[in-house]
Amino acid sequence: MFGRRRGMEPAGSSSPHTSATLTLPPTARLLSCRVLDTVHQPIRQAAFEVTDPIGRRIVSGETDPYGGFTAAVPEGEYRLSVTAEGYTPFHGATLVGDPAQPGTGEIVLDAVEPPLLPQPGHWELDPTHSSIAFTARHIGMARIRGRFNTFAGAVRIAERMEDSSMHVIIDAASIDTGVRLRDDHLRSGDFLDAVRYPTVEFYSERFIHRSGSRWAVAGALTLHGVSRSVTLDTQYLGLGTGLEGEPRAACRATTELNREDFTLNWQSVLAHGIAAIGTSVDVTLDVQIVHKA
Numbered sequence: 001m002f003g004r005r006r007g008m009e010p011a012g013s014s015s016p017h018t019s020a021t022l023t024l025p026p027t028a029r030l031l032s033c034r035v036l037d038t039v040h041q042p043i044r045q046a047a048f049e050v051t052d053p054i055g056r057r058i059v060s061g062e063t064d065p066y067g068g069f070t071a072a073v074p075e076g077e078y079r080l081s082v083t084a085e086g087y088t089p090f091h092g093a094t095l096v097g098d099p100a101q102p103g104t105g106e107i108v109l110d111a112v113e114p115p116l117l118p119q120p121g122h123w124e125l126d127p128t129h130s131s132i133a134f135t136a137r138h139i140g141m142a143r144i145r146g147r148f149n150t151f152a153g154a155v156r157i158a159e160r161m162e163d164s165s166m167h168v169i170i171d172a173a174s175i176d177t178g179v180r181l182r183d184d185h186l187r188s189g190d191f192l193d194a195v196r197y198p199t200v201e202f203y204s205e206r207f208i209h210r211s212g213s214r215w216a217v218a219g220a221l222t223l224h225g226v227s228r229s230v231t232l233d234t235q236y237l238g239l240g241t242g243l244e245g246e247p248r249a250a251c252r253a254t255t256e257l258n259r260e261d262f263t264l265n266w267q268s269v270l271a272h273g274i275a276a277i278g279t280s281v282d283v284t285l286d287v288q289i290v291h292k293a
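Counting from 1, one number per residue, gives the positions in the sequence shown under my numbering.
Treat the hints with care, as some may be off.
Straight-line C-alpha distance at most 16 Å; calculated EDC-like pairs for lysine to aspartate or glutamate [stated by the list, open to error]:
#1 Lys292 to Asp126
#2 Lys292 to Asp233
#3 Lys292 to Glu124
#4 Lys292 to Glu256
Pairwise CB distance ranges (calculated) [as the list claims (entries may be wrong)]:
#5 Gly76 to Glu246: 48 to 56 Å
#6 Thr241 to Ile54: 38 to 46 Å
#7 Asp64 to Leu95: 21 to 29 Å
#8 Gly92 to Thr199: 47 to 55 Å
Hints were generated in silico from the structure; no laboratory data involved.
Just so you know, even glycine gets a beta-carbon here, dropped at the ideal spot from N, CA and C.
Turn these sequences into a full structure, and let the hints steer you where they fit.
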């Protein structure tokens, strides 16, 4: 059984906190739980996953505003995993349908200290240990993955992390999807038009702390001669030391772009109205920065 849990609510039982109108199939049982912190405050939007003994996922989701989740599952043994930003993950086993364990289970997660932030000063992006990658949908099925091979950037870390800023410049012609013909087309006037717009730039002066090691970096992305507001969903990964003793910091950031927002409107429609290339592009940045004296 998982720790700090008082049991599971069997199907057909009634309490002040269950709906009298809930009807379950005869073989279904309720797996019900609340996720709390160490002072017994609910943890909302904690991610949970229920799997069977051989690892197949049965149900998953997020806790409600009261830290709770309820799922109808067949009677049997399950594994339960709960994760939340800023808390130690929980993994445990439970037996659903055991009449000896009435009530609703509770899981208490311990808070973890966020990693130390970089010291104030000037930092430079290390392109050798960083990547700027993207994924786009092709003909509504496959995903095409690519990257930019040439880029540079700088980050000014302020006394208050929220007052920091960053500037990244990407060589548009360095786009690389592994297929020369496709890359030439992406560099052409149909897409990036790298001759007229040789760089892609991102500038931010807004670092917003969300929780734990999660940050939002909001700024302006200039692509194809068009500037739009973009927010990077960023996970700060902490500090380290390079081979020459230099201080380093790392993060991973993601965002989703609509290429039509930047007038990248080229499209070819295939049979049955299927677009050759999707409009949304997922961008992922894995970044290391190095402190400069």
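Going down the list of hints, with the structure as the test:
no., hint, in the structure
1, Lys292 to Asp126, "holds (11 Å)"
2, Lys292 to Asp233, "violated (25 Å)"
3, Lys292 to Glu124, "holds (7 Å)"
4, Lys292 to Glu256, "violated (31 Å)"
5, Gly76 to Glu246: 48 to 56 Å, "holds (53 Å)"
6, Thr241 to Ile54: 38 to 46 Å, "holds (42 Å)"
7, Asp64 to Leu95: 21 to 29 Å, "holds (24 Å)"
8, Gly92 to Thr199: 47 to 55 Å, "holds (51 Å)"
Violated hints, in rising order: 2, 4; the structure is consistent with all others.
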